[in-house]
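S.K.: Residue strings, one per chain:
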Amino acid sequence: MEILIFALALALLFLVLRLVYRRRWDKGLTCTLAFQDDHAVEGELSALKEVVVNDKLLPLPSVEVDFHMDKRLHFTDGQNSSVSDQTYRRDIFALSLRQKITRTLEFSCRGRGYFQISGAGITAQDLFLTEKYLTSQPQHTDFYVLPCPVPGEKINIPFSHVMGTVLSRRRLYDDPFEFAGLREYTRSDPMKYINWKATARAGKMLVDLHSSTLSQRVVVLLDLEGRGVQHADLLNEASVRIACTLCEKLLYEGVELSLFSNGQDVKDGGTWRLPSVSGLGSLLAMKKKLACVQAENDLPPVCELIPETGGQWEEDLLVLVSRSQRQELVDSFAEKVGKERGVMIVPYQVEHEALRVPQNVDLIWLEV
Amino acid sequence: MRKLLYRLKKERRALLLRGCGWVHCALLGAVLLTGITELLAQLELHTPSPDMVFLRSLLFVFPAALSDHAAEKLGRLWLYLPASVGIAALSWLLLGNPGGAALAAVLCLLRMLSRIASGEEETPVTSVFDAPHFAGLIFFGVAFFISAAGGFSAFQRSSVISAVLYLLLCLLYSGMRRVDGYLTLNRSMANLPARRIERAAGGAVVLAVVLAAALLLPAALGMQGDFRIDLSGRRHTSGSYTPPELPETDPGAAGNLGELFDDLYGPAPVMPQWVNYLFTAIAVVCVSAVVLYAVYAISRHFRSAFRDNRDVVQYLDGDTDEAAPFIKQHRERLRRLDRSPGALIRRHYRKQVLRASPEPPKSWQSPAELEAAAGLNNAQLHRLYEKARYSAAPCTPEDVRRIRESTKKHEKL
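Sequence order for the protein chains is A and B.
With positions in the first sequence counted from 1, the corresponding number in our numbering is that position plus 511.
With positions in the second sequence counted from 1, the corresponding number in our numbering is that position plus 572.
Please keep in mind that the hints were generated in silico from the structure rather than gathered at the bench.
Misleading hints may appear alongside valid ones.
Here's a subset of chain B near chain A, in silico, CB distances under 7 Å, partners left out [unchecked claim]:
1. Gly747
2. Ala762
3. Ile769
4. Ala785
5. Ala786
6. Trp846
Only a predicted model underlies this, so the values are computations on that prediction, with no experimental measurement involved.
Note that CB positions come from ideal geometry on N, CA and C, so glycine has one too.
Construct all of the structure, not just a fragment, from the sequences and the given hints.
M.R.: Structure (structure tokens):
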């Protein structure tokens, strides 16, 4: 008789324990996923931190955390994850009473982009592993993979073209209050530029040289038409890299930039644009913005994106980066450039079409 | 030796499960042999003491282990048959009676048949002799019934003790098999905290078995085996309470008040033995819990954080700044007996949201998000709830009336 009573008491104790777990298992249980860094460059390594906290007096012998993120972020250990349309990861933790476990997962950045983890699923089991409990917790962590810079020997050609055009325009608009030096007088110099004091000291006619304070803007147009085909994806990525490296070098030279693209901004889903950026302080912000641009199919022509500001942009230098080798694009770009000069950079992989280049466009082919 | 220790360490869970299977065979065999022995004793044949037979029969665990090992290692029949004969002989020697040999022979035969049935399958077929099962308790129940009906005291004692041991064995086996199954299922995962899972879940299983043993074993060992069932229809238990014989008393001879009460109402009731066991078990559990908590607290004191594989494991401490962000902010909850206007408004709001919401509300949702998810569009409800929940200004009974009226109005619409 006693044995039966005790056996029933044991069964009751087991049921009570199960009930306690059923009601309290998620109390004080939190899972936080956070990228260790804010950003990284393509090809670099970074890490994701999984922090699981059990802030209660019930141990959880098995807590499974699962989440998914873009497959361009690849876990270097290659374990506990499966890659299909996304990278799916599942990790198991064992949490004692009031315990916090931090696990660091290293991953490599295989592609440019803006990545978010918005949720994590949690599966826990009771002390005897007899019951499973499920929940999910929202996550708020994001990560930028910035475009990889293009090697100097490749980017120097378009950069020289662009800077040459910028500098030659500066010469047209020099500032009389910005003294740059002295040189000997020639017959074409206006008399107002003769420096009389220097002439008296030197005993020969000297004129002032002036530099320009005109801040000429470069408008970079990024064409990202086409997605899903390996060749197009590769060249579009190359376009982004070229635009990023070029803009970086121009910012170093103190040139003000405007960037427009017909691609989509993955962060807000709208059209991607960066109307004004200048100074080295804006470099990281510009790169992050470029990380968010995404190629799509059936996009509007990139030349239509130039804002109509009453001809104001005609004083700017237009630079188009596009993988497209169509004559129509070159012609429409030449039309937009008008009387000024524009630079068109076309990345290509193996060979390129022979295009008829208008006089006001400098066409630069870049093999990637 | 080192290789053996390594194998013991590596395959400890699998070996424990196999060991449970061997003990399961031994317990079944022990009860069977004890019953036969006592039956023979009743037939006045010369037999050893049934209690001794029961104890010696527990040694059947070794022939069972050898039989299991032989079935696994000896792939050919011509090797297995002489091994079976050897195991049967050993069983006779260990158990001291031919019944042991018969049992071992049957066990070997059934294992062989099971092996033949499994054929070339990669996963071996588990026979009833390989693992204990809760259904096996029926066997002990039947044994108990026969002993009670036939008046076999030793057989009854052995069946009860074996049943308790078998129950403990089943608890241990099922718990450890679950742990082993989980770890085996996830063995390919990297950073699997197998040792910690095993310690936590396996420790809980062992603790449960110890607790069950502390509760059940004293009661089982204390049994006299004198429970009887009269198959003619009457049932009585000789070991149960028998009415005390009242002494013939002389009221005048009562020396004191206690004796007088005894004389009038009989002797004071004696606390049943099972209550003593229960209190003992509770005391054991409480002391164990205190000891475990002390060990836990001391270990935390010495080691607040450690590294396990790629995990950094930290014990939370309310005083440390690092732990602070992870400590969940407890929401201000309503007291059950709070009938203030603010509490009534909050309860009313909760009821409305739960009624309208298709899914359970999330703890992180704001009132506006909750209402949007539930499809509620009652500005008065929203305003008064926010006043009750967040405002420093106290709510009034008028607010309660207004929120109720507002809800009724919206329900009509």
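S.K.: Now tell me if each hint is right for this structure.
M.R.: Structure-based check of all given hints:
| no. | hint | in the structure |
| --- | --- | --- |
| 1 | Gly747 | holds, 6 Å |
| 2 | Ala762 | holds, 4 Å |
| 3 | Ile769 | holds, 5 Å |
| 4 | Ala785 | violated, 10 Å |
| 5 | Ala786 | violated, 9 Å |
| 6 | Trp846 | holds, 3 Å |
When the structure is compared with the earlier hints, violations turn up for hints 4, 5 and for no others.
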